[in-house]
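Using the hints provided, position chain R relative to the given structure of chain F.
Here is how the chains run, residue by residue.
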Amino acid sequence: MFCLHFYGNLAHSIGRTICLDTEKCVNIYLLVEELLRSKNEPISVDELLITTADGKQVAHESTTCDLSEVRVMRLVRGG
Amino acid sequence: MVHVFGLWGRLLDIDLSSGKVAEMRINPMTYRMFIGGRGLAAYILWRELGRKWRDVDPLGPENILTVLTGPLTGYYPGIKISVSGKSPQSGGVVGSTVSSHIAYAIKACGYDGLVIRGASRDPVYIYVKDGDVEVRDASKLWGLGGMDLIKALRSELGKDTPSLYIGPAGENLVRTAAVMARWFHAAGYGGYGAVMGSKKLKAIVVDGSGPLPPVASMDEFTKLRCSVIDNVVGRATFRKWGTTSAIWGVGHDTSSEPIRNWQEEWHNREEFNHVLIEWRYWVKNPWADWGCPLACMKVSKVRIGGVTYLSDGPDYEMGAYLGSNLGVFEVDKMIALSAMADDLGLCGIQTGNVMGFAVELYERGVLTREDVGYELRWGDFEGLKRLMEDITYRRGIGRVLAEGTYRAAVAIARMKGVDPSEVLKYAVQVKGIGIGAHGIRSRKDYPQPIAYAASVQGGDHTSVAGLPANSEESESWSAFLDSAVVCSFTSVDEDTMIKYVNAVTGWTLTKEELYSVVGPRILTLQRVMLLLGGPDVRWDPRLHDENPPRFYEPLPSGPYTGGFVPREEVRKNLEEYYKQLGWDEYGIPTEETVRKLGLYDLADVVKDIRKELGVS
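Here the protein sequences come in this chain order: F and R. Numbering-wise (this note's numbering), the first sequence opens with residue 1 and increments by one. Numbering-wise (this note's numbering), the second sequence opens with residue 1 and increments by one.
Certain hints may be false.
Stated by the list, open to error - In silico BS3-like pairs for lysine-lysine, Cα to Cα no more than 27 Å straight-line:
#1 R:Lys499 with F:Lys56
#2 R:Lys579 with R:Lys607
#3 R:Lys572 with F:Lys39
Unchecked claim - Just a few of them, taken from the derived set where beta-carbon distance is under 10 Å, the chain R residues facing chain F:
#4 Val228
#5 Phe238
#6 Ser245
#7 Ala246
#8 Gly249
#9 Ser255
#10 Glu473
#11 Trp477
#12 Phe489
#13 Val492
#14 Asp493
#15 Glu494
#16 Lys499
No wet-lab data here; the hints were simulated from the structure. Since we're looking at a predicted model, the values are computed, not measured. Ideal Cβ placement from N, Cα and C applies to all residues, glycine included.
So here's chain F without its partners, still in its complex pose (with noise of 0.2 Å):
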């Protein structure tokens, strides 16, 4: 089970947090983009911040095999 809990914006369109079942180690970059897409969230991953639980940001090559859970927020509230 990999966990991805969203801040902010996000958490008010998407829902705070979505718990998957992944049996692959999934690029977690890659599986986020694919989850916004799916939400219909015109938004590019380039503009979020992904971190581990303790606020670390999450390296881009990392699966879903090295991590249980992430935090996703967007970079810019505004301009």
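Leaving out everything else, chain R in the frame of chain F:
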């Protein structure tokens, strides 16, 4: 003596009427209750002006301008300062922040901020050098735009020294004037440039060479600082594009960018994008303020009609409000308008808002050539330049528009002999403050329908309200960041931010306390002062806790065509939001709530507000 770790516990209290300089001590418990920055400003303003709040003219000598740091100033990556006072836009208190090295310099002088009261008869600037304060003649600086002013100060002081200043707009008491820093940075929301102008205060210059106050836990602070820097440095996209990329992303993808005074929120203008700006116009990239590892800023340079214009990115808000909102889709012209606003000391958001409003009124025949003196057309660079200058110097129709969108709408309705609602329906503002460049109709950018309607800072996109009130979706989170005085672009998750504040101050703040006590305390105090308002504006929450009429019109174009905000959802969410903050069904804080938050002297005030509104 250290009163609380990370802060000095003292402010410079400068009276420009008498020239007297004193020290204002701030009790450690006051910091614990209000944190600093925006929260402390609300506290000081209430303490000093509360009982006569409604009668205080924001542009009169009795108003107080606060320039405050917070506990994280100098310690957290990135640098911001909070500017506040009674707002000439809303009549309440707006915590307006701007990136500036001056925040660090103030702390390095041994102070946490400045409280400026009274008004000088002649133009002056305040010069603080470590512990010494001088109020200096600024008659030769009066009238200068930002670029020339910074050159003149450099020449007078012999070196670049951190400053906050106003341009001609602030001098002319334009309510959309900003407090500026380092050419392109603006504390725009609130209209505090006009407050500085009313005090004949051209600039505040601070040269500090001392150490910062000690932190409570150096080990924890060092660990957190390294971790946050790692996190922020990793935001490569932000460093590459800043917020400029949003002129395409917010306009095209999330469909929430103001287009021609919000008549649309979507565009498909491929020539209006950040890649073109980078390719053709950025002459410096990246660029950062002191201590900022994010480096999201850029410098643009364009040359049009023999005139060279320098601006930053421009950032998204300027790009949207002085570009698409005015029908300007040629990026060089948008950059030029942005550069003009910076140099004249105008808030690009508020000024772009009132300019778009004026062009739409002209398009609809409400304003005529006779009223304006020339034609107003979407995308007409020369006409828009002229309009911006007319607002700055209060010439012709500019005199009316210089009052900001809300007051201009009321004045134009009077001028035309029509009901104010006939003009206000085109005014995209909340409680006197133009909405930031993030629409709510597509629900893909700012999804909360009460984001602006319930904000204690009106249309301020950096301080939006939302449900649930005990989460970072609520305005308590913005109040916290603005009070600790942190740039939201370098902020990280709540747990780390709270640990950071505790490591610096030695406090034991928790997330629960932030969302149930500290945040609501700041919001409740700001709410009461907003509802008191005055002297020329009064807000009735039943009427004014509301979105602009335009947000109830369906989006006419783009992927979210037909999107609008349902009124019933707004009312339902407002009721829930009030309830969660301990406010009554009209949005007036209850006596029980103000007492619970330690705001005891507000108990009678909220009772009076209820009585005046006939809801007691």
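Evaluation of the provided hints:
1. With a CA separation close to 14 Å, the supplied pair Lys499 (chain R) and Lys56 (chain F) stays within the 27 Å bound.
2. Taking the CA atoms of Lys579 (chain R) and Lys607 (chain R), the gap is near 17 Å; set against the 27 Å cutoff, the hint holds.
3. A distance of roughly 25 Å separates the Cα atoms of Lys572 (chain R) and Lys39 (chain F); the hinted pair therefore holds under the 27 Å criterion.
4. With a least beta-carbon distance of about 8 Å to chain F, the hint placing Val228 (chain R) at the interface is held under the 10 Å criterion.
5. The beta carbon of Phe238 (chain R) is positioned within 10 Å of a beta carbon in chain F (closest approach about 6 Å), and the interface hint is therefore held.
6. Interface hint at Ser245 (chain R): satisfied, since its Cβ lies 9 Å from the closest Cβ of chain F, which is below the 10 Å cut-off.
7. Because the beta carbon of Ala246 (chain R) sits about 5 Å from the nearest beta carbon in chain F, less than 10 Å, this interface hint is met.
8. Interface restraint check: Gly249 (chain R) against chain F, minimum CB-CB distance 7 Å, threshold 10 Å, status holds.
9. Taken as an interface hint, Ser255 (chain R) checks out: its beta carbon lies about 8 Å from the nearest beta carbon of chain F, inside 10 Å.
10. Hint status for Glu473 (chain R): holds, given a least beta-carbon distance of 6 Å to chain F, under 10 Å.
11. For Trp477 (chain R), the interface hint holds, since its Cβ comes within 10 Å of a Cβ in chain F; the closest pair sits about 8 Å apart.
12. The beta carbon of Phe489 (chain R) is positioned within 10 Å of a beta carbon in chain F (closest approach about 7 Å), and the interface hint is therefore held.
13. Look at Val492 (chain R): its Cβ gets to within about 6 Å of chain F, closer than 10 Å, so that hint holds up.
14. Proximity of Asp493 (chain R) to chain F holds as hinted, the smallest CB-CB distance being about 5 Å (cut-off 10 Å).
15. Of the supplied interface hints, the one on Glu494 (chain R) holds, with its beta-carbon coming within about 8 Å of a beta-carbon of chain F, less than 10 Å.
16. The beta carbon of Lys499 (chain R) is positioned within 10 Å of a beta carbon in chain F (closest approach about 9 Å), and the interface hint is therefore held.
Checked against the numbered hints given earlier, this structure breaks none of them.
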